[in-house]
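Participant: Take a look at the letters that make up each chain.
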Amino acid sequence: MQGAGHRVAITGYGVVAPCGLGKDAFWRGLLGPGITSAKTVEIADWDPLPYFSNPKEARRSDRVEQFALAAAQEAFAMSGDLPYEPARMGSIFGTGIGGLRTLEEQVITRVEKGERRVSPFLVPMMMSNAAGAAISMRYHLQGPAETICTACAAATHAMGYAARLVAWGQCDAVVTGGAESALTLTAVAGFANMTALSSSGCSKPFDSTRDGFVFGEGAAVFIFERWDAAVARGANIIAEVLGAASNADAHHITAPSPGGVGAQACMRSALHDARLQPSDIKQVNAHGTSTPLNDSAEAQAVAAVFGSPTPPMTSIKGVTGHPLGAAGALEAAAVLLSFEHRLIPPTANTSTLGDDIACDVVIGEPRAWTPGPTISNNFGFGGHNGSVILGPAN
Amino acid sequence: MSQELFDRFTKCAVELLSVDAAKVTRDARFKEDLEADSLDLVEFVMALEEEFSVEVPEKELEGITTVGQAFDLIAAKAK
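Quick mapping for you: the protein sequence lines, in order, are chains A and B.
Counted from 1, the first sequence has number 346 at position 346 by the working numbering; the numbering is strictly sequential.
Counted from 1, the second sequence has number 37 at position 37 by the working numbering; the numbering is strictly sequential.
So here's chain B without its partners, still in its complex pose (with noise of 0.2 angstroms):
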């Protein structure tokens, strides 16, 4: 896992959900831990794709739960 784009990730979750960079971990739920809606988790992709550049269609965000997840599918296409 690259910690540089995994701090940039944490950034987004900072500035999107309010949450401290220090409950953004792999494990942490979007909706137990991190208190995100699906209103917020739309626009937290949208910032995501604007942070690195890539496109997450819909279909590929079902059944992401948690930090780790998302953060994998993101990585995997800014590479």
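If we strip away everything but chain A, and leave its shape as in the complex, we get (with noise of 0.2 angstroms):
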């Protein structure tokens, strides 16, 4: 990555999600039989309250927040006390619409009980950026704290910086990552209306008979580490951020440009920031949301950067649905898993891939693989794109 010469190292990171709470839950998960018949994904029977010293911190956190501060807790688990100045540290964390759900809830209290019964902590656990104060609040980092918005590619854009605060030499090290919760009875319906969501209820990215994103949430937490100073106390680095890019389409607000051409422009940049040629990418991890639009604009950039034949190209969303901000997130995750057990997952639920994806699609079984640099791609309304190139540890 393109800075003042640090390396970034990663030497934590932890997930919640539907298909698993914990890094080697969500794993399993990722092998596991996909989303087939619901147009939404929640994690079913969450608790709250081992993340929290009592049950009054718990609720007066969204679930968002929750969910950030949990991964969060098995990601400092992993990495172990960091032993640098508070003001050295950072938490850039990212998510497309933060409390979405205590705002709704506030909203319905209002109309049927009043203003005075509105909550006096409606506001500081609706704000999107309350998820990343929380983590900056709990493990006392006192350097920059930011929260990125930029819809579905929130995650991979905060890692992204996060990784540059590190390069940079402003940070020792950066929380970061992202998380989402906002399956309200209201967002669903507005995603629904505007025939973003499978009708089918079926997450099968880049088959043929597509039909729309299931909405999903979760969140994964990742530490970024300064690679010297973590070799210095000994850490034990996962894999290594090796390059990021951020561009606009400045096209539409939802639909993506024709042939994917901003996602092309991104992963060039990501590949540049890198020093890495196409051919040194051996895996991509799409955005692959399942919707018509994406996936084929997704697929034509994907073919336009690398040629013929891509890298194996994966997208978790067969299983995790669409988590909006927290996408890039749990992608990143699902990388460093893929780097560990060296297999890439399978595309769930996808059996014939369209006409119009001209890419080597990991479907079926998991694909063994020797791990490489590996680029993970997300795409969010408002013409935002984000690559992130993660490599693992040498």
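Please keep in mind that the hints were generated in silico from the structure rather than gathered at the bench.
Accuracy of the hints is not assured; some may be wrong.
To be verified - Which residues of chain A face chain B? A few of them, derived with a C-beta cut under 8 angstroms, are:
| # | residue |
| --- | --- |
| 1 | 55 |
| 2 | 56 |
| 3 | 119 |
| 4 | 120 |
| 5 | 121 |
| 6 | 275 |
| 7 | 277 |
What the hints assert, rightly or not - Distance condition first, Cα-Cα at most 27 angstroms in a straight line; then the derived DSSO-like pairs of lysine-lysine:
| # | chain 1 | residue 1 | chain 2 | residue 2 |
| --- | --- | --- | --- | --- |
| 8 | B | 79 | B | 59 |
| 9 | B | 77 | B | 23 |
| 10 | A | 56 | B | 11 |
| 11 | A | 113 | B | 79 |
| 12 | B | 59 | B | 11 |
| 13 | A | 113 | B | 59 |
| 14 | A | 56 | A | 113 |
| 15 | B | 79 | B | 11 |
| 16 | B | 31 | B | 77 |
| 17 | B | 77 | B | 11 |
| 18 | B | 11 | A | 113 |
| 19 | A | 56 | B | 31 |
| 20 | B | 23 | B | 11 |
| 21 | B | 77 | B | 59 |
| 22 | B | 23 | A | 282 |
| 23 | A | 113 | B | 77 |
| 24 | B | 23 | B | 79 |
| 25 | B | 31 | B | 11 |
| 26 | B | 31 | B | 59 |
| 27 | B | 59 | A | 56 |
Built from N, CA and C at the ideal position, the CB exists for glycine as well.
Using the hints, build the complex out of the two chains.
Facilitator: Below, the structure is given as structure tokens:
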């Protein structure tokens, strides 16, 4: 990653997702069946209490913040204590929306019971920066604490900026990733009415019969650390952030630019940042939402950048659904797990690729591979594109 | 002091402030002893208003720092 010469190590991560809580359960979920009969997928029987000192603290946190703190707990347990000055540690976090559940509940409370019953916690719970701020407070990170809200590209942009702060030498460690929990009745109706959700209730990225995304939720949190400092403290380095890029289509509020030209430029920019050639990339972790437009544009962009055949490409959204601003975080976790297990998880539910998909999509069984540089893409409403390139530690 | 009223007051405190019932004494200070910040207190008063079917205007809460003071305010209105 280009900067002041500092390599960026990943020394810890944590995941909460409908298919599993914790990285190992998440990995088993990614190898399991996909979602085939639901427009939404939630974390079942979520219990926030293990991640808070008492029920009051849990109740003061929207579910999206609870997810973020749960994932952060696993990440810090993995990385061990960070011995840096608080002012040299930051939190750069991503979410598409923030505490929408709290907002919707309190709107209902106001309508039913009046203004005097609206919770004093409405504002600190719904604000989109609450999850990132909670991480900063809990772990006493006094460097930059910022939240990026670029819709479904938010976590990828957050990770890119977090890595940059380390590469530039401005921080010794940055906690990053993303969280989302926005499955309210109103939000589901909004996505359904814009015909973004799968009418069949099946997430099958790149399939010829794909018909929309399944609305998901979850969080993943990562500890990015200056490589030499991580080595000096004897940390276990899991992976390296090799490059990242961000750009915009400047085309349409929801539709990708024709041919995925914005996504092409973003991937090329990330490759340049990593000083890699397209042939160096050994896996593409696609945004692959299962909408007709996204998957077509992304596949065209991947084919244009990498030629034929493309590197193996997978989308985990057949299993996870689409957790909006947390998507890039769950995908980065999937990439780290694919390094660890030397397997690329298959694109669940997908059996016959669309005619417009000229890519080597991993379908059926997981594919064995020799871990190498992997690019993960995310694209958000608003025309936001983000790519991050991760490599195994060596 | 009505024990029945105080028990109901205590129940609200236990639920809203996540404290043991034993800590809810007349002398207990919200901030120092019950670790309740200003937002906690607003939510707690809302719960008391519902529980006792009373209204507590914000200005009447000025200067209230202990459980006993808050209880007396509520109990006077609940009569």
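Participant: So, for every hint listed, does it hold in this structure?
Facilitator: Status of the hints after comparison with the structure:
1. Taking 8 angstroms as the C-beta contact cut-off toward chain B, the hint placing residue 55/A at the interface holds, the least distance being around 5 angstroms.
2. Hint on residue 56/A holds. Least Cβ distance to chain B is approximately 4 angstroms, under the 8 angstroms limit.
3. Among the interface hints, the one on residue 119/A holds; its C-beta lies about 6 angstroms from the nearest C-beta in chain B, closer than the 8 angstroms criterion.
4. The closest approach between the C-beta of residue 120/A and any C-beta of chain B is roughly 4 angstroms, which is under the 8 angstroms cut-off, so the hint is satisfied.
5. The beta carbon of residue 121/A is positioned within 8 angstroms of a beta carbon in chain B (closest approach about 6 angstroms), and the interface hint is therefore held.
6. Proximity of residue 275/A to chain B is violated relative to the hint, the smallest CB-CB distance being about 49 angstroms (cut-off 8 angstroms).
7. Here the hint on residue 277/A is broken, as its CB sits about 54 angstroms from the closest CB of chain B, past 8 angstroms.
8. At most 27 angstroms may separate the alpha-carbon atoms for a hinted pair to count; residue 79/B and residue 59/B meet this at roughly 20 angstroms.
9. Our distance criterion of 27 angstroms between C-alpha atoms is met by residue 77/B and residue 23/B, whose separation comes to about 24 angstroms.
10. Distance hint between residue 56/A and residue 11/B is fulfilled; the C-alpha atoms sit about 14 angstroms from each other, no more than 27 angstroms.
11. Proximity of residue 113/A to residue 79/B is assessed by CA-CA distance (about 23 angstroms); at most 27 angstroms being required, the pair is judged to hold.
12. The straight-line distance between the Cα atoms of residue 59/B and residue 11/B is roughly 25 angstroms, inside the 27 angstroms bound, and the hint therefore holds.
13. Simply put, residue 113/A and residue 59/B have alpha-carbon atoms about 22 angstroms apart, close enough for the 27 angstroms limit, and the pair holds.
14. A C-alpha spacing of about 23 angstroms is found between residue 56/A and residue 113/A, which places the hinted pair at or below 27 angstroms, so the restraint holds.
15. At roughly 19 angstroms between alpha-carbon atoms, residue 79/B and residue 11/B fall within 27 angstroms of each other, so this suggested pair holds.
16. Pair hint residue 31/B plus residue 77/B holds up; C-alpha atoms about 24 angstroms apart against a cutoff of 27 angstroms.
17. Restraint check for residue 77/B and residue 11/B: the C-alpha separation of about 18 angstroms stays at or below 27 angstroms, so the hint holds.
18. At roughly 22 angstroms between alpha-carbon atoms, residue 11/B and residue 113/A fall within 27 angstroms of each other, so this suggested pair holds.
19. A C-alpha spacing of about 14 angstroms is found between residue 56/A and residue 31/B, which places the hinted pair at or below 27 angstroms, so the restraint holds.
20. The straight-line distance between the Cα atoms of residue 23/B and residue 11/B is roughly 12 angstroms, inside the 27 angstroms bound, and the hint therefore holds.
21. Between the alpha carbons of residue 77/B and residue 59/B the distance comes to roughly 15 angstroms, so the proposed pair stays at or under 27 angstroms and holds.
22. As the CA atoms of residue 23/B and residue 282/A are separated by approximately 60 angstroms, the hinted pair breaks the 27 angstroms bound.
23. In summary, the hint linking residue 113/A to residue 77/B is supported, as the alpha carbons are separated by about 21 angstroms, within the 27 angstroms threshold.
24. A hinted pair counts as satisfied when its Cα atoms are at most 27 angstroms apart, and residue 23/B with residue 79/B qualifies at roughly 25 angstroms.
25. Among the hinted pairs, residue 31/B with residue 11/B is consistent with the structure: their alpha-carbon atoms are about 18 angstroms apart, no more than 27 angstroms.
26. For the hint pairing residue 31/B with residue 59/B, the CA-to-CA distance comes to about 18 angstroms; that is within 27 angstroms, so the pair holds.
27. Taken as a hint, the residue 59/B and residue 56/A pair is honoured in the structure, with Cα atoms around 25 angstroms apart against an allowance of 27 angstroms.
The earlier numbered hints that this structure contradicts are 6, 7, 22.
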